[in-house]
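Given only the sequences and the hints, what does the whole structure look like? Please build it.
Protein chains in written order, with my numbering: chain A, -14 to 210; chain B, 0 to 249.
Since the hints were made in silico from the structure, they are not lab data.
Note that CB positions come from ideal geometry on N, CA and C, so glycine has one too.
There are no misleading hints in this set.
Going by beta-carbon spacing under 8 Å, a handful of chain A positions derived as facing chain B:
hint: 1; residue: L52
hint: 2; residue: L72
hint: 3; residue: G157
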Amino acid sequence: MLLTDNDLQSIWLTLRLAGIVTVILFLVGTPIAWWLARTRSHWKGPVGAVVALPLVLPPSVLGFYLLVTMGPNGPVGQLTQALGIGLLPFTFWGLVVASVFYSLPFMVQPVQNAFEAVGDRPLEVAATLRASPLNAFFTVALPLAAPGFLTAGILTFAHTVGEFGVVLMIGGNIPGVTRVASVQIYDHVEAMEYSDAHRLAAVMLIFSFLVLLVLYLWRPSPKNT
Amino acid sequence: MKSIVTLSIAVALCAAAHTVRADEIQVAVAANFTAPMKAIAAAFKKDTGHQVQAAYGATGKFYAQIKNGAPFEALLSADDATPIKLLEEGAAVAGTAFTYAVGTLVLWSAKPGFVDAKGDVLGKGDFRKLAIANPKVAPYGAAAVQTLTKLDLLEKVEPKFVTGENIAQTFQFVGTGNAELGFVALSQVMENGKITKGSAWVVPGEFYTPIRQDAVMLEKGKDKPAVIALLAYLKGEQARAIIRAFGYEI
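Here you go:
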């Protein structure tokens, strides 16, 4: 594989983005998933639908809204400016924020399913053994839901690596800052550098296949418990 | 009931009449030419009945699509190199290429009064981001880099570049205010011969190689009367008046 420095830079940037987004989503997505799995509130439907929106929305819609709301005249843009952070579009952290929204369902849904599969019983047993709700969450629910977390983490990471439309719309294609691998491939194609495009595209293809292979090989067959 | 029958016969007749005289033309159009093309297509339809189905985007992308079997019958390129390349490779019809517009580069900001009449704002560096079209693929991007090189400012402002994949996206970055400044096409900020919004510096022509935009008939449009008519129409005075009103020279 003869990748240029720019290609390697874009791969490194992509991995860094996907890694940070996955960590943030573990922290943000777990409480949402827990709430969705346990609540009887009539807000469950609307919140679940909002979480699932990025699955359905075209990236151009998400990218457009993010560009406008994070811009100098948008509400998020005015907030970040007031906080002294500046504007988020064209920055690495802007991509992180966008990707957190974009990959949210890939974290929440598997974790929610895992929590639902754990059910009430183990938590009730823990409570009778005088475990506090927080204690029961960390020592009972989390370990039992671990497979769901692994699936969610892998899917979130891989989905962020595969992001393109949103990044194109708010990234501004800055080398080392927002030019991720998918955009780099697009650039190669546009510039008619097809052999460069092929090499990087092959790396992405192999990576994606391996990730999914691990996921499918590892996923245990359904148990009858 | 009777009226429904009459109506459906009328609709059927209209549809039949439509297919007899009017054709649909698939045209790939450079993103910077979006606004004038819409006006020209409307006038063309009024005069000839032919419907122009235009796709707007980056010329480099159209090149790749045309080489891979896209159904375009004509290309209105953002440059003069792509039509030549397509001709050499046998994807375009020999003898049909011509310059339909010469583009003008403009330094533009959505903020009124931000850009001065001489473009000195570039040298002051009092801005966060400067949007340009990808100079590797977009002629307006290449012209922007030439201009900055000529002004001896390239190294200074390069760290502030944000790059749009084509001139339309570049305009979007500036239009939403996310980049305070950007090099865009005059056609994007001009309406009826006037710059209607924000502030702009029209870059003098000697700062960059003229952006000649050539059109060419593609193999898929060969010998089609509607395509021949459209290309002829683009050379006509009526279309040229529209093209000039949007800030191009021709």
